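If you want the building blocks of each chain, they are given just below.
2 protein chains.
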Amino acid sequence: MEEKGRLKPGFKIRLTLTANEKFFGPGIAMLLHLVDEYGSIRSAAMAMDMSYSKAWKILRRADKELGFPLLESRNGGNGGGKSALTAEGRAFLEKFDTVEKKLYEAAQGLIDEYF
Amino acid sequence: MEEKGRLKPGFKIRLTLTANEKFFGPGIAMLLHLVDEYGSIRSAAMAMDMSYSKAWKILRRADKELGFPLLESRNGGNGGGKSALTAEGRAFLEKFDTVEKKLYEAAQGLIDEYF
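In order, the protein sequences belong to chains L and B. In case it helps, the working numbering puts the first sequence at residues 238 to 352. In case it helps, the working numbering puts the second sequence at residues 238 to 352.
Accuracy of the hints is not assured; some may be wrong.
Note that the list lumps identical chains together, so a pair holds whenever it fits in one copy or between two copies.
Said to hold, decoys possible - 30 Å max Cα-Cα, derived DSSO-like pairs, lysine-lysine: (1) 339 with 319; (2) 249 with 319; (3) 245 with 301; (4) 294 with 332.
Think of the hints as simulated: they come from the structure by calculation, not from any bench. It should be emphasised that the depicted structure is a prediction, and the values quoted were computed from it without experimental measurement.
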């Protein structure tokens with residue numbers, strides 16, 4: 238096959254962890270990073286244009302599959318409380334980030350090799 | 238951290254190739270495999286519950302980014318023609334399948350290592 242004009246594609250990968258159902262992917266990972274930054278589920282959801290109810294739903298589903306809570310919350314009275322990653326939640330998020338990063342490196346190597 | 242009750246997640250990956258825009262992912266790969274099997278874009282689209290117009294749209298977009306046609310079609314008169322992979326289309330699909338398969342193997346290794 239000719240080399241001339243050959244396409245060198247870029248790529249995107251979406252990694253989703255599954256148990257009884259999909260429970261952890263790029264969306265919840267971003268949400269957790271934003272909670273870590275803002276200290277608030279509401280602010281984190283807003284920053285990524287996700288509804289508060291959707292954020293709660295995906296957090297609840299992940300906690301259920303994992304068997305531990307990703308976040309701990311303190312009620313703040315009027316206007317909502319503060320939330321932070323639990324130690325287990327932080328460890329899990331870091332593992333997900335690492336696997337995702339290494340998967341991107343593997344994919345870049347494969348794309349370079351095959352295309 | 239305790240080992241007891243630790244979750245061993247399954248996973249899914251979605252690889253999408255990009256140029257000016259996303260142009261080649263699991264959807265078009267499946268469509269091409271089905272065209273190869275049935276000899277017809279219409280039958281292939283129907284088998285994966287995709288509209289004929291959507292099938293044409295994603296094929297046209299991919300051809301445009303690739304700079305070569307993935308399929309060749311012969312008009313069959315009344316009732317539509319036959320379609321088959323071009324040699325370049327088959328070679329590209331095989332490369333995508335190989336990269337996707339190797340990426341799954343890499344991901345399985347990473348999941349086993351980290352979780």
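Status of each hint after checking the structure:
For the homomeric pair residue 339 and residue 319, neither the shortest alpha-carbon distance inside one copy (32 Å) nor that between copies (43 Å) is at most 30 Å. Within a single copy, residue 249 and residue 319 get their C-alpha atoms no closer than 34 Å, and across copies no closer than 33 Å, so neither meets the 30 Å cut-off. In the homo-oligomer, the alpha carbons of residue 245 and residue 301 lie at most 30 Å apart only across protomers (14 Å), although the nearest pairing inside one protomer, at 42 Å, exceeds that limit. Taking the shortest Cα distances, residue 294 and residue 332 sit within 30 Å of each other inside one copy (22 Å), while across copies they are farther apart (38 Å).
The structure fails hints 1, 2 (numbered hints given earlier, in ascending order).
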